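There are 2 protein chains.
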Amino acid sequence: MSRSLSQGKLYIVGIGPGAVEYLTKKAEKALLGSEYVVGNGTYLDQMAEVIKGAKIIRSGMGGEVERARKAVELSREHVVSIISGGDANVYGMAGLVLEVAEKEGDVEVEIIPGVTALSAAASLLGAPVVSDFAVISLSDLLTPTDVIERRLNSAAEADFVIAIYNPKSRNRRQNFGKAVEIIRKYRSDDTPVGIVKNATREGETVITTTLGKIMDYNETIDMSTLVLIGNSESRLWGNRIITPRGYQRKYEY
Amino acid sequence: MSRSLSQGKLYIVGIGPGAVEYLTKKAEKALLGSEYVVGNGTYLDQMAEVIKGAKIIRSGMGGEVERARKAVELSREHVVSIISGGDANVYGMAGLVLEVAEKEGDVEVEIIPGVTALSAAASLLGAPVVSDFAVISLSDLLTPTDVIERRLNSAAEADFVIAIYNPKSRNRRQNFGKAVEIIRKYRSDDTPVGIVKNATREGETVITTTLGKIMDYNETIDMSTLVLIGNSESRLWGNRIITPRGYQRKYEY
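Protein chains in written order, with the numbering used here: chain A, 1 to 253; chain B, 1001 to 1253.
Just chain A, same shape as in the assembly (with noise of 0.2 angstroms):
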């Protein structure tokens, strides 16, 4: 990697789920210490005290590409924060920036994982992720829909624990529905299933529930939301979910 001759840099920041308590100390000292920083609406806002001494760029949701344009071309001769809910990588900005700075480079970057959704999510429902799991967005807007079937089949029929990103997108609502069947080939009615919507945010919901009634939660269910169904072995605890990682083959209690 190449590196420009002027005291720029860039920095793309993983802010966690969203509450500032769930910043990292390397992030928070990333944005303190930036003097633009680039990002959408919400994250912005869920960021304001940490950020408000710097130069803001803000863009709406889908201004993806034009906003890592804007934060590349900046961090040539300033330093740059670009943010990404959750963690820099899970469905997170760090891919697209890195594309256009390899495109337009010639700038130093660095990448500063954080909390995702999924960790936050799983959280609140107790132990849902001990075990192996695959994590899938439901949006087709980036991947063909035969690409994502094919991914919920395979991680369906392996059993291992599935994470829903994006359950839905703003055009096909019904995508949700059908993935559900898809599991439902492969997995029981009983499986424990959670329902997360906006983790440590206000308006913070947590559903648990079973595979077979999950369409009962169907209109609660949107693009904010992360669904987490269990593999074969969890189980529900009250209103958490635990999915033993093997110790009771293992051990006595």
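Just so you know, these hints were derived from the structure itself, not from any lab.
Check each hint, because a few of them may be wrong.
[Said to hold, decoys possible] Under the rule of at most 30 angstroms between Cα atoms (straight-line distance), these lysine-lysine pairs were calculated in the DSS-like manner: (1) B/Lys1025 x A/Lys25; (2) A/Lys55 x B/Lys1025; (3) B/Lys1029 x A/Lys197; (4) A/Lys213 x B/Lys1103; (5) A/Lys197 x B/Lys1025; (6) B/Lys1168 x B/Lys1185; (7) A/Lys52 x B/Lys1213; (8) B/Lys1029 x A/Lys25; (9) B/Lys1185 x A/Lys185; (10) A/Lys197 x A/Lys25; (11) A/Lys25 x B/Lys1103; (12) B/Lys1029 x A/Lys29; (13) B/Lys1213 x B/Lys1168; (14) A/Lys185 x A/Lys197; (15) A/Lys168 x A/Lys197; (16) A/Lys29 x A/Lys103; (17) A/Lys25 x B/Lys1052; (18) B/Lys1185 x B/Lys1213; (19) B/Lys1178 x B/Lys1213; (20) A/Lys103 x B/Lys1213; (21) A/Lys178 x A/Lys197; (22) B/Lys1052 x A/Lys29; (23) B/Lys1197 x B/Lys1052; (24) B/Lys1070 x B/Lys1052; (25) B/Lys1103 x B/Lys1029; (26) B/Lys1197 x B/Lys1178; (27) A/Lys29 x B/Lys1025.
Here the structure is a predicted model, which means the values were calculated and not measured.
Here the structure of chain A is known, so what remains is to put chain B in place on it, guided by the hints.
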């Protein structure tokens, strides 16, 4: 969940990949407010500065069940943190602690998520994990070998980015080579691969290579290594890995 009448509380705290700067503010607050901190020696040492005011209960790796039981017991009357490397869920302590609490319970439990080793490794490698991914541990201590192999086959076949935790277990050092052979049935030899050891800690090692050459690094890979295998669209950019999220199908740069 019933709550005890005493003042006790149990935090299950994901401390992140290792360095203190990857701790969230919420995790730090829980640790600073705990009378007891329970964990294995490695993680306690990483957090030494933060937990110096607490009573420390340390046990070696493998003493997980005993440690969980002790933490649950103490939390009836005290504020206790039990610490988990990375996230509390992802191969973390949340599962075991809730299993113990379920049996010996009547304690108040709060789970605090953390930055996973996976997110830390991905950040060091660039942007390998921005699309759908599967996470598999090769440790056959807690999961039967045939289940692990089925998951490797399914994840490779469905073109998930694959993250491998515990690539070498203490007694079965051949598992990793076998896993690579399974993945190579489905993915080309020039698929980018990242090998990250001790992310954010002393001895941090970051290697980018390809699936065909991965066994050249066989001696480097140990229990504390995370291996990331790209999907069919991943590519190398210098010493970084980029997995396009699909923007190239949608936008012109």
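Results of checking the hints against the structure:
no., hint, verdict
1, B/Lys1025 x A/Lys25, "holds, 7 angstroms"
2, A/Lys55 x B/Lys1025, "holds, 24 angstroms"
3, B/Lys1029 x A/Lys197, "holds, 25 angstroms"
4, A/Lys213 x B/Lys1103, "holds, 27 angstroms"
5, A/Lys197 x B/Lys1025, "holds, 22 angstroms"
6, B/Lys1168 x B/Lys1185, "holds, 21 angstroms"
7, A/Lys52 x B/Lys1213, "violated, 48 angstroms"
8, B/Lys1029 x A/Lys25, "holds, 12 angstroms"
9, B/Lys1185 x A/Lys185, "holds, 26 angstroms"
10, A/Lys197 x A/Lys25, "holds, 25 angstroms"
11, A/Lys25 x B/Lys1103, "violated, 36 angstroms"
12, B/Lys1029 x A/Lys29, "holds, 17 angstroms"
13, B/Lys1213 x B/Lys1168, "holds, 18 angstroms"
14, A/Lys185 x A/Lys197, "holds, 26 angstroms"
15, A/Lys168 x A/Lys197, "holds, 12 angstroms"
16, A/Lys29 x A/Lys103, "holds, 28 angstroms"
17, A/Lys25 x B/Lys1052, "holds, 19 angstroms"
18, B/Lys1185 x B/Lys1213, "holds, 15 angstroms"
19, B/Lys1178 x B/Lys1213, "holds, 14 angstroms"
20, A/Lys103 x B/Lys1213, "holds, 27 angstroms"
21, A/Lys178 x A/Lys197, "holds, 20 angstroms"
22, B/Lys1052 x A/Lys29, "holds, 23 angstroms"
23, B/Lys1197 x B/Lys1052, "holds, 27 angstroms"
24, B/Lys1070 x B/Lys1052, "holds, 20 angstroms"
25, B/Lys1103 x B/Lys1029, "holds, 28 angstroms"
26, B/Lys1197 x B/Lys1178, "holds, 20 angstroms"
27, A/Lys29 x B/Lys1025, "holds, 12 angstroms"
When held up to the earlier numbered hints, the structure conflicts with 7, 11 and fits the remainder.
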